[in-house]
Amino acid sequence: MVEDSGTKSGEVGRNLAHAAQGEAAHLQDPVYLEELRRQLQRFAVLQLGDADLAEDAVQEALLGALKSARSFNGRAALKTWVFAILKNKIADLLRARGRQPDAQSLLSSDEEHRDLDELFNARGHWRRDERPAHWEDPESAVHDRHFWRVFEACLDRLPGQQARLFMMREFIELETPEICAAAEISVSNLNVTLHRARMRLRECLENNWFQAGEAREES
Amino acid sequence: MKNCREITRLLSEAQERELSLSERMGLRMHLAMCRGCRNFAEQMATLRKICRAYARRDEGNSGRE
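Chains A and B are the protein sequences, given in the same order. When we follow the working numbering, the leftmost residue of the first sequence carries the number 1, and every step to the right adds one. When we follow the working numbering, the leftmost residue of the second sequence carries the number 1, and every step to the right adds one.
Just chain A, same shape as in the assembly (with noise of 0.2 Å):
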């Protein structure tokens, strides 16, 4: 029930001014749940590889949210609180189906090192077929449905644990200190997993889009 029907910019800037009564107003703007609920939902769906079953997640998780909006001050208290009840929704999907959620756990530093070791020498300079490439016009490939495609297959590839924190972080956008709290980790640990998730991600991306097709220099 938002006042007139509107979605006008201006009225994104009304409801902030009524959540900063305490008033979850937020959670009567359509255009803004309509964005949560997409972000919520390619996180429940890579989270578990099933878009049915994620709708009816990221589904409940923001009903959960609307039974008790009273207790929410601003946006970001809301999307923290959605988010806690949808990890808690994939966590029991997961469960029940048999899958530790949390078996892929942090890697060792030992693991760490050698992964990173793989794309710099001993003194911490890139190896030469390592370097990262300059990405030509990077703006249309979001355009390009066979680049999401392969976007979603280098996501894939990442180990569970860096691809649920990366996740949070890049499409939830979380902040660092409820990343660590939901997630109960150090601040160190994050940034070093979220540091390994971009290494692969954009080593991924370069190879099989930006670089693909082209004949690789110096090789």
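Don't read these hints as lab results, they were simulated from the structure. Where hints are given, some of them may not hold.
To give a feel for the contact side, a few chain B residues facing chain A, derived at Cβ under 10 Å [unchecked claim]:
1. Glu-6
2. Ile-7
3. Thr-8
4. Glu-13
5. Gln-15
6. Glu-16
7. Arg-17
8. Arg-24
9. Arg-35
10. Gly-36
11. Asn-39
12. Phe-40
13. Arg-52
14. Tyr-54
15. Ala-55
16. Asp-58
We put the CB at the ideal spot given by N, CA and C, even for glycine.
Given the coordinates of chain A, work out where chain B should sit on it, guided by the hints.
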């Protein structure tokens, strides 16, 4: 002087927090000399844009952001 490995770590962290003045100075010096890390720095910004676009994408009709 930081090496590329440390610089990439710093560039990743810059996505989460504001870097200190000395971190930014070290970064700028390294980037001036190292094309690989310069490309990496650009890619971190690109990766963020890609993720935002992805999370907000509407598969059916490409809805406005």
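Now for the hints, and whether the structure bears them out:
{"no.": "1", "hint": "Glu-6", "verdict": "6 Å, holds"}
{"no.": "2", "hint": "Ile-7", "verdict": "9 Å, holds"}
{"no.": "3", "hint": "Thr-8", "verdict": "7 Å, holds"}
{"no.": "4", "hint": "Glu-13", "verdict": "5 Å, holds"}
{"no.": "5", "hint": "Gln-15", "verdict": "7 Å, holds"}
{"no.": "6", "hint": "Glu-16", "verdict": "5 Å, holds"}
{"no.": "7", "hint": "Arg-17", "verdict": "7 Å, holds"}
{"no.": "8", "hint": "Arg-24", "verdict": "17 Å, violated"}
{"no.": "9", "hint": "Arg-35", "verdict": "8 Å, holds"}
{"no.": "10", "hint": "Gly-36", "verdict": "4 Å, holds"}
{"no.": "11", "hint": "Asn-39", "verdict": "4 Å, holds"}
{"no.": "12", "hint": "Phe-40", "verdict": "4 Å, holds"}
{"no.": "13", "hint": "Arg-52", "verdict": "8 Å, holds"}
{"no.": "14", "hint": "Tyr-54", "verdict": "6 Å, holds"}
{"no.": "15", "hint": "Ala-55", "verdict": "4 Å, holds"}
{"no.": "16", "hint": "Asp-58", "verdict": "7 Å, holds"}
The structure fails to meet hint 8 from the earlier list, while all remaining hints are met.
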